[in-house]
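Using the sequences plus the hints, can you model the full thing?
Residue numbers (this note's numbering), protein chains in the order written: chain A, 1 to 352; chain B, 1 to 352; chain C, 1 to 352; chain D, 1 to 352.
Everything labelled a hint here was simulated from the structure, so no lab data went into it. Careful: at least some of the hints might be erroneous.
Any copy will do: because identical chains look the same in the list, a pair fits if it lies in one copy or spans two.
What the hints assert, rightly or not - Think about it this way: if two alpha-carbon atoms lie no more than 25 Å apart in a straight line, the pair counts; the simulated SDA-like pairs of lysine to any residue are: (1) LYS235 with PHE317; (2) LYS235 with GLY95; (3) LYS235 with TRP320; (4) LYS235 with ASP50; (5) LYS123 with ASN193; (6) LYS235 with LEU85; (7) LYS235 with VAL83; (8) LYS123 with VAL134; (9) LYS123 with GLN280; (10) LYS293 with VAL319; (11) LYS235 with GLY137; (12) LYS235 with ARG131.
A quick note: this is a predicted structure, and the numbers were derived from the prediction, not measured.
Number of protein chains: 4
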Amino acid sequence: MTAMDSTSGTAPRRHFASDNNAGAHPEILAAIARANQGHVTAYGDDPFTDAARGRFREHFGPQAEAFFVFGGTGANVLGIQAVTLPHQAVICPEGAHIDVDECGAPERFTGCKLLTVPTADGKLRPADIERHLVGIGFEHHVQPRVVSISQTTELGTVYTPDEVRTLAATAHRHDLLLHMDGARLANAAAALNTDLRSLTTEPGVDLLSFGGTKNGLLGAEAVVFLNTPAPAHFKYVRKQGMQLASKMRFLAVQFDALLGGDLWRRNAAHANAKARRLAQAVRNLPGVRVTQKVEANAVFAVIPPRVITPLQQRYHFYVWNERLSEVRWMTAFDTTDEDVDGFVAALRELLA
Amino acid sequence: MTAMDSTSGTAPRRHFASDNNAGAHPEILAAIARANQGHVTAYGDDPFTDAARGRFREHFGPQAEAFFVFGGTGANVLGIQAVTLPHQAVICPEGAHIDVDECGAPERFTGCKLLTVPTADGKLRPADIERHLVGIGFEHHVQPRVVSISQTTELGTVYTPDEVRTLAATAHRHDLLLHMDGARLANAAAALNTDLRSLTTEPGVDLLSFGGTKNGLLGAEAVVFLNTPAPAHFKYVRKQGMQLASKMRFLAVQFDALLGGDLWRRNAAHANAKARRLAQAVRNLPGVRVTQKVEANAVFAVIPPRVITPLQQRYHFYVWNERLSEVRWMTAFDTTDEDVDGFVAALRELLA
Amino acid sequence: MTAMDSTSGTAPRRHFASDNNAGAHPEILAAIARANQGHVTAYGDDPFTDAARGRFREHFGPQAEAFFVFGGTGANVLGIQAVTLPHQAVICPEGAHIDVDECGAPERFTGCKLLTVPTADGKLRPADIERHLVGIGFEHHVQPRVVSISQTTELGTVYTPDEVRTLAATAHRHDLLLHMDGARLANAAAALNTDLRSLTTEPGVDLLSFGGTKNGLLGAEAVVFLNTPAPAHFKYVRKQGMQLASKMRFLAVQFDALLGGDLWRRNAAHANAKARRLAQAVRNLPGVRVTQKVEANAVFAVIPPRVITPLQQRYHFYVWNERLSEVRWMTAFDTTDEDVDGFVAALRELLA
Amino acid sequence: MTAMDSTSGTAPRRHFASDNNAGAHPEILAAIARANQGHVTAYGDDPFTDAARGRFREHFGPQAEAFFVFGGTGANVLGIQAVTLPHQAVICPEGAHIDVDECGAPERFTGCKLLTVPTADGKLRPADIERHLVGIGFEHHVQPRVVSISQTTELGTVYTPDEVRTLAATAHRHDLLLHMDGARLANAAAALNTDLRSLTTEPGVDLLSFGGTKNGLLGAEAVVFLNTPAPAHFKYVRKQGMQLASKMRFLAVQFDALLGGDLWRRNAAHANAKARRLAQAVRNLPGVRVTQKVEANAVFAVIPPRVITPLQQRYHFYVWNERLSEVRWMTAFDTTDEDVDGFVAALRELLA
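Below you can see the structure in the form of structure tokens.
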């Protein structure tokens, strides 16, 4: 990976590597600037944090308790730690962010083992949960306690409210909690044209990692307790877990700006629309095969190996599966039609 | 602790609770806004991060390797983990930030035990190190590996370069590394009118937690390897340690702005000057006894118990030692003469 | 699981649940009694421990360094911890003892993630290693460092020296170490009629958990460094890892007795022979299908579901896979021909 | 430390280094031999373990739940882990076994910080507990949850039942649990001529590490829940904590033999009597000053530096405090009058 052309003389260009390659939405920076007045108590005992916590109650229901943290790995690890003991286990799809993108942090810091299930589309099914319900009560085995799903999934697909409801029911029937890694929850809600609650609290998600960074924040995530109460000791978990910001107002105010109006949906819907535009444009190109449903802001496609490197020299993106010549293209809140069209033109040219 | 008056109608006021109750310096916000252009690779492979790492080499010497993290606890824990194994130990003053303000994170995540020494002024002496050099090679005992000092100390005092040099020599003679928790290193350098290198790399500090948040950043800290090389695996330590920012440019650019010119020194010198002004003004008030040397941006004082609560109703600050009626007043980069004078007037009035 | 008939009036009977359901070989108790003379220094600085460490050098080569521990889980965890950092990973077959029978201790205490591969016979192949060599150098991914195999496998099969050599070469080519969980290494050596070195040090095993308990000891295991030196700090790993026995002589003398003559081979060969006898007798029974090669002291078989419970009422054994109606029968150093024949008669009767 | 003369031609001699330098009492070996009959279910589901657990109920009350483990460090760590979360803390005397003799295992595996208090005689007082009750509810501070005392103390002194009761009351008043490291509880009970319950369950000890190894066992310890129930998940804590013996009967039967009759008291009273004999004989020797009350089986004394090494060449013992020329002499269940008298004669000769 190399730095992109943002420092060259040309106008900055949006790439397709990841939604976290984007910057922050201007409204977020404006909110930060507005909060930058005088002294407030550090570590979250301030009016900005109160307000932002209120936004989460508006969106997720009055019982929702949100705790702001620095990053997504921290959100996942702290949330899971809050509801588990080290001999327990987390059932999740193979390739989940907690499984392959957090450098083993979940296992190391919670002690819990991850029990994974291969999936074709990134989505867990009830039978996948039941497959791991063996050795219950047997002291030699880790004991499943949490089911973790990602919304949107790592493959850009989206769980419907009914699918979430079925998973929650299955989990609860076996005394498990349902955790949702919602790093891109906004994209899922925009895709389904629902509010946030209909995808989380209502269908039974107990515990949510709510992502802001990939949806236009400067950098902030939240651990949100929905259908399970936040343990009284969670504040210590966050502090000991190295995720307590001293100047908390600057994390909180980002969420206030994101969730106070419809910025969360605007940003997500925009990114989703650009992915659809991209998918539509490439779908019929010779040698290109889109491999996953394009439901949110990711396009997975198999393309001829020979075009990958030349295309990467013009636009940054990742090879997802080298063996299959499968690539991932992601759009962001700031992707423009011109970015998409320029990219498609470059691809078409290389394919010719 | 309660939120302060920043949301009331009156002009925002600077308090004396902590330098992390201040906001961000306007130049920092401006730098963030400038970096908010187009896409760059996430996680630090971007030109802003390269530039900021270069700033650390300018200030600390060509071998300095800086890694940016979210917070101070993370910086301390990751730095110590980088150079220790779990059966080892860290010698530090009783009351060090790692000892009492990080909710046990250092022990939990490094495995290392802290071996503490009581001090009158927050400063460790060579004999304090040697006191803990027992049971070396004995498998039942933890094995000291790191000496950790804070600059400035938790009591607002400052180590001279010679003091640091002597501690480093003592540590190295016993095959220990010297770690500096430099959450307020800038204040120390401003106090001594030295550059940063003269307090760290030159006298032999191996490993530094460099603080930005308390010196006017929005929020960013750095683990800096000075006289010991960064282990090749440190990038994994940071990621697994939940301290790797995806939009790294926004952490990095803050350091670029802080260290690129003299903002670091202006901010620190300003805070120090306000503490001196405060100390001078209260020193001769009846019933007030300043208890530590005022070398940087903290004033510790014993005041009559009866005035504490009424004073706190007007200005926020912490009681340091309830039994002794000792309080701590801290100044920040944004404290004004009016803030100080208003505070002193309030105190004088209550004492009368 | 229920206690068996050892306290009833009838003569004690050997069951087929596990080789750790057996007691200790009389020569082991005799050795313990002989060592029970006067005072010796605790924690292993004694002549019995010296002698036992020498036995390991005789069997595994002059560079072999053995450390005695209480149990098998401790041996695996400490050995792996000795050669890894928490961001690294261990490649092993799905269903390995470290994967499913140690309640997550390896992940919790080493921090390392286990990367598993499904196998039909419990044996890892070189391609299984290579499948997990992705994301090397990528900080978001755990980094493989150890390949772990069990000898005999959890399915009673045995790696040949050549198979071990190929795995070791593959591991070493990718800068990985080869760990062997040798809880039943003696059974493998007896099965192949080799010495211990030919299965371990010679073909390139770096690190061994050597099992004694399942081969007739009262209770003792060893971490043995073969082709990688014991780290200088391993004594601290053992102590901090809660595996340092104060009356070490009583662990050590068991190994001296086991390895000083041919007791290790006698016990293992005896158990293997009884498993062969059992397999041969049941192989042609109607409704019985032996599912794995019977190479050591375990017989895996599918039997009609209706006979399982009645058979378990007479002899203790475990159902391995309920869905497949697959059971596991294990023999031990003390299993007699009468035990086997009585068991077979009972099975035949129930099948009729 | 060097191995002692047990392998030389002379009759084995008892030294004064530690009670864990002794072997096992013959009645213990006999009990192990009796249990070595046939197969029983591994991991504790056997009649021997049932019987031993019953012995603990006889001695400590019907609610006592005992779990057998390999060693004392394991007992302390697992017991504390069972009742804490990683952000909590344990208050104990400086120099407690958990503080200085377990290589940091308590911190590493429980996550809890130890909050220590210096003492003159190894005994904690109520004020020592209260000194650490600061920062309660403050997320930056670890939260005290357990008070841990050793009976007998590391300095050979003994808490009376009233002293324990007062500590328990203080702990409970502040919502803390009282843990007792009873590695030498039998010696305390013998010294005070009480039963075991009067020193533990009755005065309010919640959680006990019961020591067997130092009182004549081959090697076994127990975690015993007295006034707090064993958490339902404790069996997983033990297994994951690498302290679950497969041939559990051999641990259990040792406790059955120790506690079934009066062997526990005979062994402890014997050791205590020999320490008294030793203390009485040396007390009036010129240059010898006994520094702690000799209440159990340890004698602490200052002796002239010049005699230490020559005396150690004849009898093994440890220097406790090199600076003070203070040594520790411990007696065991097998120490004879001849051992004591020979040792005193040697000391007298060297002093002359």
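Hint check results:
1. LYS235 with PHE317: between (38 Å within a copy, 22 Å between copies)
2. LYS235 with GLY95: Only across copies: LYS235 and GLY95 sit 21 Å apart there, 30 Å inside one copy, limit 25 Å.
3. LYS235 with TRP320: between (37 Å within a copy, 22 Å between copies)
4. LYS235 with ASP50: Within. Shortest intra-copy distance 15 Å satisfies the 25 Å Cα cut-off; inter-copy 35 Å does not.
5. LYS123 with ASN193: So LYS123 and ASN193 pass the 25 Å test inside one copy only (19 Å; across, 50 Å).
6. LYS235 with LEU85: Answer is both; intra-copy 17 Å and inter-copy 13 Å each pass.
7. LYS235 with VAL83: Both. Shortest intra-copy (13 Å) and inter-copy (19 Å) distances satisfy the 25 Å Cα cut-off.
8. LYS123 with VAL134: both (21 Å within a copy, 22 Å between copies)
9. LYS123 with GLN280: within (23 Å within a copy, 46 Å between copies)
10. LYS293 with VAL319: within (18 Å within a copy, 42 Å between copies)
11. LYS235 with GLY137: This pair counts as between: shortest inter-copy Cα distance 9 Å, intra-copy 31 Å.
12. LYS235 with ARG131: Result: close only across copies, 24 Å inter versus 34 Å intra.
The structure agrees with every numbered hint stated previously.
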